[in-house]
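As you go down the protein sequences, you meet chains A and B in turn.
Just so we're aligned, residue 1 is where the first sequence starts under our numbering, counting upward by one.
Just so we're aligned, residue 155 is where the second sequence starts under our numbering, counting upward by one.
There could be a bad hint or two in this list.
Among chain A residues calculated to face chain B with C-beta under 7 Å, some are [claimed, not checked]:
id	residue
1	A17
2	A21
3	G29
4	P31
5	H32
6	V33
7	G59
8	N69
9	R71
10	S73
11	Y79
12	S116
13	S138
14	I154
Going by beta-carbon spacing under 8 Å, a handful of chain B positions derived as facing chain A [what the hints assert, rightly or not]:
id	residue
15	H186
16	I203
17	K206
18	V285
Hints were generated in silico from the structure; no laboratory data involved.
These numbers come from a predicted model, not from an experiment.
Ideal Cβ positions, reconstructed from N, Cα and C, are used throughout, including at glycine.
Protein chains: 2
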Amino acid sequence: MVMRSLTPDQTRFLDAARVGALATADGDGHPHVVPVVFVLDDGRIYTPIDGKPKGDPRGLRRLRNIRENPRVSLLVSRYEEDWTRLGFVLIRGTAMILEGGSADGRPAEEEAECRSAEALLREKYSQYETVPLGGPDSLFIRITLERATSWGMI
Amino acid sequence: MVMRSLTPDQTRFLDAARVGALATADGDGHPHVVPVVFVLDDGRIYTPIDGKPKGDPRGLRRLRNIRENPRVSLLVSRYEEDWTRLGFVLIRGTAMILEGGSADGRPAEEEAECRSAEALLREKYSQYETVPLGGPDSLFIRITLERATSWGMI
């Protein structure tokens, strides 16, 4: 099923999922894919650059790729040994990097959006009671949904 | 850790994993990502276009993308609620589509390679006792490893 917005089943599946695979590609079309935590909010998906150790966050390949090429895909899938129960939702969309901190000249709207994403992430993932999230250097990736495809049992 | 070949830990992690996320990109650099089963064999990774229902297999986006752009990434990751136990292996490589059946003019080597991939897949996934795999119309994707990166606890 291919949709430009999410069905109730797709929304439920994404809300319940704990992890996805975010695919980006650089300007030369080399694909890259990393596991991400995420939240869904009104047709947009937010994934943080959080405090899990990963070196200099601003140099992350996913961010370099999004700056070069904002098209992304996010896969959220369920694997079970009973293959009649496999299922996934695949989101295609456009990504934008949001600065969570007090970047000069950043619109107040963007700051509010980051705070809202942070609150939703804290609500979904209790791990953020101890893992750093938000703060002056924080970054979020916002994915604006363009198409959702689902397959199998979701 | 970035390597041009797999470490023993990476090999063990990939051998034990049941599913990965295969990222491809089309000629315009639009990324795509799908869940795949796979086997590792001597620095190469094989993933089948098998009998799980998915419409016309030859029209699959992953195959169209690989024909346009053979660069791929394969993510194999473990998610746990204890985030100190997260881990993944990311493979970057070049993909080639192998025809498992009796395509005209196909080298005998390719046929033997498909048979070997099929045997390894049947050994790893008992689901192929009932799900179709191989046969005259079968296709396999071979990924030749160029770089492996791992992160966290693998």
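How the hints compare with the structure:
1. Interface hint status for A17 of chain A: violated, as the beta-carbon distance to the closest one in chain B is roughly 10 Å, over 7 Å.
2. For A21 of chain A, the interface hint holds, the least distance from its beta-carbon to any beta-carbon of chain B being 4 Å, beneath 7 Å.
3. Interface hint at G29 of chain A: satisfied, since its Cβ lies 4 Å from the closest Cβ of chain B, which is below the 7 Å cut-off.
4. Proximity of P31 of chain A to chain B holds as hinted, the smallest CB-CB distance being about 4 Å (cut-off 7 Å).
5. Because the smallest distance between the Cβ of H32 of chain A and any Cβ of chain B comes to about 5 Å, under 7 Å, the interface hint for this residue holds.
6. Because the closest C-beta pair between V33 of chain A and chain B is about 4 Å apart, less than 7 Å, the hint holds.
7. With its C-beta approaching chain B no nearer than about 14 Å, G59 of chain A sits outside the 7 Å limit, and its interface hint is violated.
8. At about 5 Å, the closest approach between the beta carbon of N69 of chain A and any beta carbon in chain B falls short of 7 Å, and the interface hint on this residue holds.
9. At its closest, the beta carbon of R71 of chain A sits 5 Å from a beta carbon of chain B; the interface hint therefore holds under the 7 Å criterion.
10. With its C-beta approaching chain B no nearer than about 5 Å, S73 of chain A sits inside the 7 Å limit, and its interface hint holds.
11. A hinted interface residue such as Y79 of chain A counts as satisfied when its beta carbon comes closer than 7 Å to some beta carbon of chain B; here the least separation is about 4 Å, so the hint holds.
12. For S116 of chain A, the shortest C-beta to C-beta distance to chain B is roughly 23 Å, which exceeds 7 Å, and the interface hint is violated.
13. Using the Cβ-Cβ criterion of 7 Å, the hint placing S138 of chain A at the interface with chain B is not satisfied: the shortest such distance is roughly 17 Å.
14. Taking 7 Å as the C-beta cut-off, the interface hint given for I154 of chain A is violated, the closest approach to chain B being about 12 Å.
15. For the restraint placing H186 of chain B at the interface with chain A, the shortest Cβ-Cβ distance is roughly 5 Å, inside the 8 Å limit, so the hint holds.
16. At a threshold of 8 Å, the smallest CB-CB gap from I203 of chain B to chain A is about 14 Å, leaving the interface hint violated.
17. For K206 of chain B, the interface hint holds, since its Cβ comes within 8 Å of a Cβ in chain A; the closest pair sits about 6 Å apart.
18. About 6 Å separates the beta-carbon of V285 of chain B from the nearest beta-carbon of chain A, less than 8 Å, and the hint is met.
Hints 1, 7, 12, 13, 14 and 16 from the list above are not met by this structure, while the remaining hints are.
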